[in-house]
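A.B. asks: Quick note on my numbering: the sequence shown kicks off at 1 and runs consecutively.
If you're looking for bench data, these hints aren't it; they were derived computationally from the structure.
Accuracy of the hints is not assured; some may be wrong.
To be verified - Here are the in silico distance ranges between beta carbons for each label pair:
{"hint": "1", "residue 1": "Trp-46", "residue 2": "Ala-73", "range": "17 to 23 Å"}
{"hint": "2", "residue 1": "Thr-51", "residue 2": "Ile-89", "range": "21 to 27 Å"}
{"hint": "3", "residue 1": "Pro-77", "residue 2": "Arg-55", "range": "47 to 53 Å"}
{"hint": "4", "residue 1": "His-54", "residue 2": "Ile-74", "range": "23 to 29 Å"}
{"hint": "5", "residue 1": "Ala-73", "residue 2": "Tyr-49", "range": "39 to 45 Å"}
{"hint": "6", "residue 1": "Asn-61", "residue 2": "Asp-20", "range": "49 to 55 Å"}
{"hint": "7", "residue 1": "Ile-88", "residue 2": "Val-22", "range": "43 to 49 Å"}
Owing to the predicted nature of the structure, the values given are computational and were not obtained by experimental measurement.
Beta carbons: idealized from backbone N, C-alpha and C, even for Gly.
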Amino acid sequence: MTAPAAAKARKGRLPLVAVDPVSAWKAANPVVSKPSGAILALDSVWKVYGTDEHRVEAVRNVSFEVEQGDYVAITGPSGSGKSTLLQIIG
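My request is simple: use the sequences and hints to build the entire structure.
C.D. replies: As structure tokens, this is what we get:
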């Protein structure tokens, strides 16, 4: 097909443009930098129920930090203290 015939065939369509696949991928997947600094920090947190005779350690020596932009999941078996920890965090 000659150039004028090709131009006529594309009339009304977007022009053909050569695209670098790496540049296209980078444009579609931008790198987002995470701001630094903890928005939540726990250091040696304990929660004890009961008396000395019947002591239940619902949360035992928990320490961690969560930075802005982090995703967090608290998992564990039933009775392991997940809800108690969330109650402490507020």
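A.B. asks: All the hints need checking, so say for each whether the structure fits it.
C.D. replies: Do the hints match the structure? See the list:
1. Trp-46 - Ala-73: 17 to 23 Å: 22 Å, holds
2. Thr-51 - Ile-89: 21 to 27 Å: 26 Å, holds
3. Pro-77 - Arg-55: 47 to 53 Å: Since the Cβ atoms of Pro-77 and Arg-55 sit about 20 Å apart, the hinted range of 47 to 53 Å is violated.
4. His-54 - Ile-74: 23 to 29 Å: About 26 Å separates the Cβ atoms of His-54 and Ile-74, which means 23 to 29 Å holds.
5. Ala-73 - Tyr-49: 39 to 45 Å: 25 Å, violated
6. Asn-61 - Asp-20: 49 to 55 Å: 53 Å, holds
7. Ile-88 - Val-22: 43 to 49 Å: 47 Å Cβ-Cβ, so the 43 to 49 Å window holds.
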